[in-house]
Amino acid sequence: MCGIAGLLRGERDGHRPAARAMDQAMAHRGPDGAGLWQSAPDAGEQVTLVHRRLAIQDLSPAGHQPMVTSDGRYVLVFNGEIYNQHAIRRDLERQGHQFHSNSDSEVLLQVMSRYGCAALQRLRGMYAFCLWDNRRQEALLARDPYGIKPLYIWQGPGGQLLFASEVRALLASGLIPRRLDAAGVAGFLAHGSVPEPRTLVAGVQSLPAGWMGTWTRGRWHAQPHWQPSYAAGLVGTPNDVVGHTRQALHESVQAHLVSDVPVGLFLSGGLDSSALLALAGGSNLTTLSIGFSEAGFDESARAAALAEHFGSRHVPLQLGASQAAALLPSFLAAVDQPSVDGFNTFCVANLAAEQGLKVVLSGLGGDELFGGYPSFRKIPHLLGLHQRLGAARPVMAGVLARSRRSKHQRLAAFLRGPATTSAAHRCIRGLFAPAEINCLLNHWGLDAPGGFNARGGFDEQDALYGLAREASESGGFAIDQAQQPGHQAVPQLGDAIAWLESSRYMGQQLLRDGDGFSMAHGLELRLPFVDSQLLHALAGLDAGTRLAADKTLLRRAVPELMTVLAAVPKQGFLFPFQRWFDSTDSPLSPGSIAYPLPPVPSSIDLSTWARRWGLMVLRQWTTGHLGSLWDAAQLDIQAAPISAVVAPSL
Amino acid sequence: MQTTEKQIPKKQIPKEQIPDLQDPDSGLRGLHAGLQSIDLLVPELFASDGGIQAYSRTLIRALQKLRPQMRMRVFILNDHPHHLPSSGWPGITWFAAAGSRTRLVGSLLGAARQRRADVLVATHSHFAPLQWLHHQLSGTPSWCSAHGIEVWSLRPGWRCWCLARLQRLLPVSRFTAEQLSRQLGEHCPPLAWLPNSFDPQRFSPGPRPNALVQRYQLETDQPLIFSLSRLSQSDRYKHLDRLIEAIPALLPQWPKLRLMIAGDGDDRPRLEALVQQLDLQRHVIFCGRLPEHELADHMRLASVFALPSSGEGFGIVFLEALGCGRPVLAGNQDGSCDPLADGRLGLLIDPDQPLAPALTSLLQGQGEDLWFQPQALAQAAMAAFGFEAFCRRLEAQLLTLESR
Numbered sequence: 000m001c002g003i004a005g006l007l008r009g010e011r012d013g014h015r016p017a018a019r020a021m022d023q024a025m026a027h028r029g030p031d032g033a034g035l036w037q038s039a040p041d042a043g044e045q046v047t048l049v050h051r052r053l054a055i056q057d058l059s060p061a062g063h064q065p066m067v068t069s070d071g072r073y074v075l076v077f078n079g080e081i082y083n084q085h086a087i088r089r090d091l092e093r094q095g096h097q098f099h100s101n102s103d104s105e106v107l108l109q110v111m112s113r114y115g116c117a118a119l120q121r122l123r124g125m126y127a128f129c130l131w132d133n134r135r136q137e138a139l140l141a142r143d144p145y146g147i148k149p150l151y152i153w154q155g156p157g158g159q160l161l162f163a164s165e166v167r168a169l170l171a172s173g174l175i176p177r178r179l180d181a182a183g184v185a186g187f188l189a190h191g192s193v194p195e196p197r198t199l200v201a202g203v204q205s206l207p208a209g210w211m212g213t214w215t216r217g218r219w220h221a222q223p224h225w226q227p228s229y230a231a232g233l234v235g236t237p238n239d240v241v242g243h244t245r246q247a248l249h250e251s252v253q254a255h256l257v258s259d260v261p262v263g264l265f266l267s268g269g270l271d272s273s274a275l276l277a278l279a280g281g282s283n284l285t286t287l288s289i290g291f292s293e294a295g296f297d298e299s300a301r302a303a304a305l306a307e308h309f310g311s312r313h314v315p316l317q318l319g320a321s322q323a324a325a326l327l328p329s330f331l332a333a334v335d336q337p338s339v340d341g342f343n344t345f346c347v348a349n350l351a352a353e354q355g356l357k358v359v360l361s362g363l364g365g366d367e368l369f370g371g372y373p374s375f376r377k378i379p380h381l382l383g384l385h386q387r388l389g390a391a392r393p394v395m396a397g398v399l400a401r402s403r404r405s406k407h408q409r410l411a412a413f414l415r416g417p418a419t420t421s422a423a424h425r426c427i428r429g430l431f432a433p434a435e436i437n438c439l440l441n442h443w444g445l446d447a448p449g450g451f452n453a454r455g456g457f458d459e460q461d462a463l464y465g466l467a468r469e470a471s472e473s474g475g476f477a478i479d480q481a482q483q484p485g486h487q488a489v490p491q492l493g494d495a496i497a498w499l500e501s502s503r504y505m506g507q508q509l510l511r512d513g514d515g516f517s518m519a520h521g522l523e524l525r526l527p528f529v530d531s532q533l534l535h536a537l538a539g540l541d542a543g544t545r546l547a548a549d550k551t552l553l554r555r556a557v558p559e560l561m562t563v564l565a566a567v568p569k570q571g572f573l574f575p576f577q578r579w580f581d582s583t584d585s586p587l588s589p590g591s592i593a594y595p596l597p598p599v600p601s602s603i604d605l606s607t608w609a610r611r612w613g614l615m616v617l618r619q620w621t622t623g624h625l626g627s628l629w630d631a632a633q634l635d636i637q638a639a640p641i642s643a644v645v646a647p648s649l
Numbered sequence: 000m001q002t003t004e005k006q007i008p009k010k011q012i013p014k015e016q017i018p019d020l021q022d023p024d025s026g027l028r029g030l031h032a033g034l035q036s037i038d039l040l041v042p043e044l045f046a047s048d049g050g051i052q053a054y055s056r057t058l059i060r061a062l063q064k065l066r067p068q069m070r071m072r073v074f075i076l077n078d079h080p081h082h083l084p085s086s087g088w089p090g091i092t093w094f095a096a097a098g099s100r101t102r103l104v105g106s107l108l109g110a111a112r113q114r115r116a117d118v119l120v121a122t123h124s125h126f127a128p129l130q131w132l133h134h135q136l137s138g139t140p141s142w143c144s145a146h147g148i149e150v151w152s153l154r155p156g157w158r159c160w161c162l163a164r165l166q167r168l169l170p171v172s173r174f175t176a177e178q179l180s181r182q183l184g185e186h187c188p189p190l191a192w193l194p195n196s197f198d199p200q201r202f203s204p205g206p207r208p209n210a211l212v213q214r215y216q217l218e219t220d221q222p223l224i225f226s227l228s229r230l231s232q233s234d235r236y237k238h239l240d241r242l243i244e245a246i247p248a249l250l251p252q253w254p255k256l257r258l259m260i261a262g263d264g265d266d267r268p269r270l271e272a273l274v275q276q277l278d279l280q281r282h283v284i285f286c287g288r289l290p291e292h293e294l295a296d297h298m299r300l301a302s303v304f305a306l307p308s309s310g311e312g313f314g315i316v317f318l319e320a321l322g323c324g325r326p327v328l329a330g331n332q333d334g335s336c337d338p339l340a341d342g343r344l345g346l347l348i349d350p351d352q353p354l355a356p357a358l359t360s361l362l363q364g365q366g367e368d369l370w371f372q373p374q375a376l377a378q379a380a381m382a383a384f385g386f387e388a389f390c391r392r393l394e395a396q397l398l399t400l401e402s403r
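Heads up: the protein sequence lines correspond to chains A and B, in order. Position 70 (the first sequence) corresponds to 69 in numbering that gives the first Met the number 0; numbering is contiguous. Position 26 (the second sequence) corresponds to 25 in numbering that gives the first Met the number 0; numbering is contiguous.
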């Protein structure tokens, strides 16, 4: 768990200051060390690699990066954890390799240099890395299957390529034009987070989750190295589905406990985090729970009961509105890409770091894997409604579109388009409806991006998912295509919803926030439910069983939990955002003088806190990193259209 | 009874066609004389070539070598009398049922009445009901080979019930053994792993044959991925479509890359349409069903042999490619793990994942050193799965029978 950056090609004299600036911009990601490697002046391509270290496995200097093979051929910068490093290490030792450290970085370096990109399939963990091959003059960049670890790239003139763990680090290099990407803004307004591969900065792209790319002599070629598959195998369902599930969960949890520093667990009192506690055993764990003074939001008693039952060292923490308000400025400073979520993660990570923890497990991902979200019921309902309305759909959509309410607007957009799973998902999870987005973009003087229309929103093959087309053309995994049930990768509707939740809501919002806000505190977040090998073990189970209501399969797989959970009533683990934000005297309220919103037409419904919060964070981020665009717009929208200042890039 | 019986006198067999009988150092031949006779039940032997046919022939050869004095009767369901060899198989009484199950049952039970064999071995699980009946009538222990997909999802029924009541099952891979054990549970008969073998004299390392280089208009060092499979709609688990789909991602690095697919079947039009759709006509060669004598030479064309299947019982083609010293890519979800010795002899990948990264590694020569040393690789394959290794494993099973 660290921060990485690099410059491939470009003026050698400019590399070092840019690399130093990128390093400084990522200092929060790696308090335990910093390293820089630069290719020899006469060695071909000019390459500089930067690393910020948060030491988790092998705390000694032997784990220092950038790490170079003994023959000097390969150089690695790596951010993440390889949980099965010991199994890979044994295999390499069998072939005669001698290791010099206990670091997973050295294992990654050796296995990649020996097996090449075929080795990506062997990795269990979260990762983003760059492996430079001096002999072939080639860089390999790769990102883990779910995209837990971020990796952003920018392609400059003359084949130059910059990469970093954060967009802000790329901007810090001083080599990238600070231009807003209108498509990124539209995507943010639609989803509540900027959808991959876009960012808010024109030209800066996220390497999609589960993808790799090679850079050779100025040519960049990206392709998927992983794709989900929910198809049942030829051998059918295991005899003991519950036992099989428990075994797979147990293996994932044990893998995620590999660490040379103490490991904590965020214990909300809900089923997912409680299941992790039961599977991990409490004896070596520190559990953390958050309590709130607001009635109906305090689950700390339930968490305490669980901790006592399983014998963990439990630390109940309290968070109030005033403390949250005090954290807000540092939260906004830590945002790498805006989202409507993340403040909760930031607050919890802050409290965990104050306890001296460096590694914390989280139950994130349980809902995606076992069907815990309402979307698993709502999407089939929406698709059924679309079909039942038949010829009456346009009429119904017209009636709904007249409403100011956000939900109605999104439903109208859904009814106007084809009945796809991803469209239904957008209808449920979306932030603003397409018509509202169009209105906002116009109001800010931004041109609507290609592939967008104000009635139906983004097409299935829209600009936001342009990389899906490229993937399909190159034989890879077409994102939208594979989100339709019946595709070989997602044979059932439940599978399609599970992957939409995993790849969109979780992948592009929760995971991005989880990484950014935990790393802002030098804290490593580990997610045993977000594990490609766990998915592989469970995805082939029948969707009806795996996604049964109330996460029945998970409950049955961890039966020892039920007696404890049943004894203490559940209230629902939620941050009291609505109360904090809606209170008139709240210092947290988005739209206040301290935290203004961008200019918004009066027709836009801002009654939900998430919309105000999202707009506030968007304004803060663009103002802080791309200049005072919103202020200019506020002063004279007509006279100074933002499009004149910001060149939309598609 | 219409059974065709064709006894081949041993004296007619030119010994040079049975090289193993010439091997004075074998150390296996004739040490145990406990077994007097054996009956074999096979679906097909000479009428066509396939994995089960090759396995059955290897089994017969091994029995001949291990117990040269033992009487052997071979009952073949599909072969016609004209398929049977006139020489090269000493001491065997053939029964060719010409596709008639009635004829097969009649000849087997009739032969049992004449002389009770020490053991009946079937090389396909479809014979399990007949084996059970045979055992009930004759008391002869009955063993059955289990190859792959045909026993991975057994439906409750007559065949499953009978399989559970045989005296021994001979799975060709550990994966198939696991599936039998999982399904039959506590009723599962003893399992003995008896993996396939290959002929290292036919499948040996060598340069690309000029005739084929010219036939396919290749350049001497042109990168080529070779795959071989029946192109059947029911065998889509071989994932040849994914192999085709991986090619575009490889072309930037290897613009002259060719994918050669050998085999034929009713899925070929779909695969050819996919090639057209991806505009890969210049890069993908369908060479149809290959004559047996050309197979090894086609293997020698390969830079990499790839069959990313998820439904192989074992995969003799992997052994044949290894025998030719070619780097091999196979799936890690099925019996393919065995011929690749859990990844020591070749690259195992998840066939559900994109294939281009793994193919890139092999085309770049990245992986274990052994994979790129043709002679050493062929030697390693022979040591693990050559005829001698097959005989050793079979001998261990025969001894358990003789020591009772």
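Don't read these hints as lab results, they were simulated from the structure. All values derive from a computational prediction rather than experimental measurement. Even glycine gets a Cβ: it sits at the ideal position worked out from N, Cα and C. A couple of the hints might just be wrong.
What the hints assert, rightly or not - Some chain B residues judged to face chain A by a derived CB distance under 8 Å, without partners named:
id : residue
1  : P251
2  : L270
3  : S309
4  : G310
5  : L346
6  : Q352
7  : P356
Each hint, compared with the structure:
Residue-level restraint check for B:P251 holds (minimum Cβ-Cβ distance to chain A is 5 Å; threshold 8 Å). The beta carbon of B:L270 is not positioned within 8 Å of any beta carbon in chain A (closest approach about 14 Å), and the interface hint is therefore violated. Because the smallest distance between the Cβ of B:S309 and any Cβ of chain A comes to about 6 Å, under 8 Å, the interface hint for this residue holds. Hint status for B:G310 relative to chain A: holds, with the closest Cβ pair at about 5 Å, below 8 Å.
Residue-level restraint check for B:L346 holds (minimum Cβ-Cβ distance to chain A is 6 Å; threshold 8 Å). At its closest, the beta carbon of B:Q352 sits 6 Å from a beta carbon of chain A; the interface hint therefore holds under the 8 Å criterion. Interface restraint check: B:P356 against chain A, minimum CB-CB distance 4 Å, threshold 8 Å, status holds.
Of the numbered hints stated above, the single one contradicted by the structure is hint 2.
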